[in-house]
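Visitor: Sequences are here, hints too, so could you generate the full structure?
In order, the protein sequence lines correspond to chains A and H. According to my numbering, the first sequence is numbered sequentially starting from 134. According to my numbering, the second sequence is numbered sequentially starting from 134.
Some clues are possibly wrong.
One copy or two, either will do: identical chains are not told apart, so a pair holds if it fits within one copy or between any two.
Listed next, the in silico BS3-like pairs over lysine-lysine satisfying Cα-Cα at most 30 Å (straight line) [as the list claims (entries may be wrong)]:
(1) Lys257 - Lys280
(2) Lys255 - Lys225
(3) Lys155 - Lys225
In case anyone wonders, no lab produced these hints; they're calculated from the structure.
Protein chains: 2
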Amino acid sequence: SIIEVIEKQMDADESPSYLRGKQIVVTAGPTRESLDPVRFFTNRSSGKMGYAIAEIAANLGAHVTLISGPSPLDVPHGVKRIDVETAEDMYKEVLRHYEQADIVIKAAAVADYRPKITFDQKMKKQEESLVVEMERTQDILKALGEKKEQQYLVGFAAETTNALQYGKEKLDRKNLDAVIINDVSQEGAGFSGDTNEATFISKQGRVEQLPLSSKRQIARQLFSLIEEELKGVEQ
Amino acid sequence: SIIEVIEKQMDADESPSYLRGKQIVVTAGPTRESLDPVRFFTNRSSGKMGYAIAEIAANLGAHVTLISGPSPLDVPHGVKRIDVETAEDMYKEVLRHYEQADIVIKAAAVADYRPKITFDQKMKKQEESLVVEMERTQDILKALGEKKEQQYLVGFAAETTNALQYGKEKLDRKNLDAVIINDVSQEGAGFSGDTNEATFISKQGRVEQLPLSSKRQIARQLFSLIEEELKGVEQ
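Guide: So, in C-alpha cells, the structure goes:
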C-alpha cells in the first residue's frame with residue numbers, strides 16, 4: 134500500500150542507521166509438533182510481531198534472516214525467510230546463523246513440549262480417552278544465551294500472570310540482553326492482533342513501556358532502544 | 134481472477150441446476166482444542182476442499198451455509214460463513230442448521246480428541262515431561278447420521294492406510310448417504326494442496342474414482358454425483 138511505501142521511505146530517511154549492514158536474525162511464528170501425519174500441537178502465534186521486526190530491520194538497512202514457523206504472512210521486502218516447522222528445526226536453523234549475527238531477536242512462540250512419540254500413520258480413534266506423553270523441546274533461547282559472544286540477544290515473554298516478574302526472571306536465567314514482555318491477557322496485546330503493548334527490560338537496567346500501538350511501531354521503538362543500548366556499551 | 138469469473142459463469146450456465154434453492158450446509162477447516170490460552174491441538178486441514186464445495190454450491194444456485202474452523206481463506210461469494218473454533222462449537226452450529234438442510238457435506242477435519250482440562254492461565258513449563266489427558270469430542274457425523282431425515286449426508290474420510298476399507302466402514306457405521314475417501318498419504322491428495330484425488334462411495338452402491346484434479350473440479354464432480362443420487366431416489 135501507499136502507506137507502507139511512505140513508511141518505508143521514512144524508515145530509510147532515518148538512516149544512516151546504526152543497523153545499516155548489521156546481520157540480524159529474527160524468529161517468528163509458532164512451531165508445530167506432530168502427534169501423527171495429521172494431528173499436531175501448536176500455539177496462537179500469528180507471526181505478525183516477528184514479521185514486523187524483520188520488515189523494519191530491513192527498511193533500516195540491516196541484512197535480515199527471518200526464521201519462521203508456519204505463517205500465512207508474506208515475506209517482507211528485502212528479508213531472507215527460512216521456513217521451519219518444529220522447535221527442533223528452528224533450533225538448528227537459528228544455531229546455523231548465530232555465529233555471524235550481530236543482533237538476534239527471538240519473537241517466535243516455540244513449542245516447549247512435543248509428543249514423545251510421533252506416529253507414522255494417522256492414529257485411529259477408538260478409546261474414550263487418550264494419554265499423550267509430551268517431552269520438553271530444546272530451550273533455544275537458553276542455548277543462545279550460553280553461547281553468546283558479540284550478539285545482542287533479545288527474547289520475548291508472553292505471559293498471562295505476573296508478566297513483569299516472569300519477564301525479569303527470564304532475562305537473568307537465559308542470559309539475555311533484553312526481554313520484551315507481553316501480557317497476553319490484556320486487550321490489544323499479544324498474538325493474533327495487529328497491535329501490541331509491551332515492556333522492554335534490558336540487562337543494562339533500562340525499563341521502557343511501549344504503549345499500545347501497531348506492531349510496526351513497536352518494532353521501530355525496539356530498534357531505537359537497541360541502538361541506544363549498543364551505543365551505550367561502546368561509550 | 135478472470136478465470137474464476139468465467140468458471141462461475143460456466144457453473145451458472147449449467148443451471149437450471151438441481152441445486153437451485155436447496156439448503157446446503159458445508160463444514161470446513163480444522164478445529165482447535167485448547168490446552169491453555171496459548172497452546173492447542175489441531176490438524177493440517179487447510180479448509181480448501183470445504184471452501185471449494187461451498188463456492189461451487191453457491192455458483193449452482195444453492196443457499197449455502199459454511200461452518201468453518203480457523204482458516205485464512207476468504208469467504209466465497211454468496212456463501213454465509215459461520216466461524217467456530219472447537220469441535221463442540223462446530224457440533225452446536227451444525228445441529229442448529231441441520232433441520233432445514235437438504236444436503237450436508239462435512240468436509241471439516243474436526244478434532245476427535247481434546248484436552249480433558251483447559252487451563253485458564255498459560256501453563257508454566259517446568260517439568261521434563263508432561264502428560265496430557267485427552268478425551269473424545271462429540272462425533273458430529275455419527276450424531277447427524279442418527280438424526281437424519283430428509284438430509285443427504287456426505288462425510289469425508291482422510292486416511293493413510295486401507296483408505297477404501299475404512300471409508301466403507303465409516304459410511305455404514307455413521308449412516309451416511311455418501312463418503313469421499315482421501316488417501317492423504319498420496320502425493321497431491323489431502324489437506325494443504327490445491328488438488329485432490331478421491332473416491333466417492335454411496336449407500337446406493339455407487340463407487341466413483343475422482344482422479345487428481347483441482348479441489349473446485351472435485352467439488353463439481355461431487356455435485357454431479359449427488360444430483361444423480363437424488364434423482365435416482367425420486368424415480
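Visitor: Could you place Lys257 and Lys280 in one of the four classes (within, between, both, neither) given a Cα distance threshold of 30 Å?
Guide: between (43 Å within a copy, 24 Å between copies)
Visitor: Between Lys155 and Lys225, at a C-alpha cutoff of 30 Å, which is it: within one copy, between copies, both, or neither?
Guide: Within one copy only: 21 Å inside, 53 Å across.
Visitor: Checking an output row: Lys255 and Lys225, CA cutoff 30 Å. Within, between, both or neither?
Guide: For Lys255 and Lys225, the Cα distance is within 30 Å both inside one copy (27 Å) and across copies (26 Å).
When the structure is compared with the earlier hints, no violation turns up for any of them.
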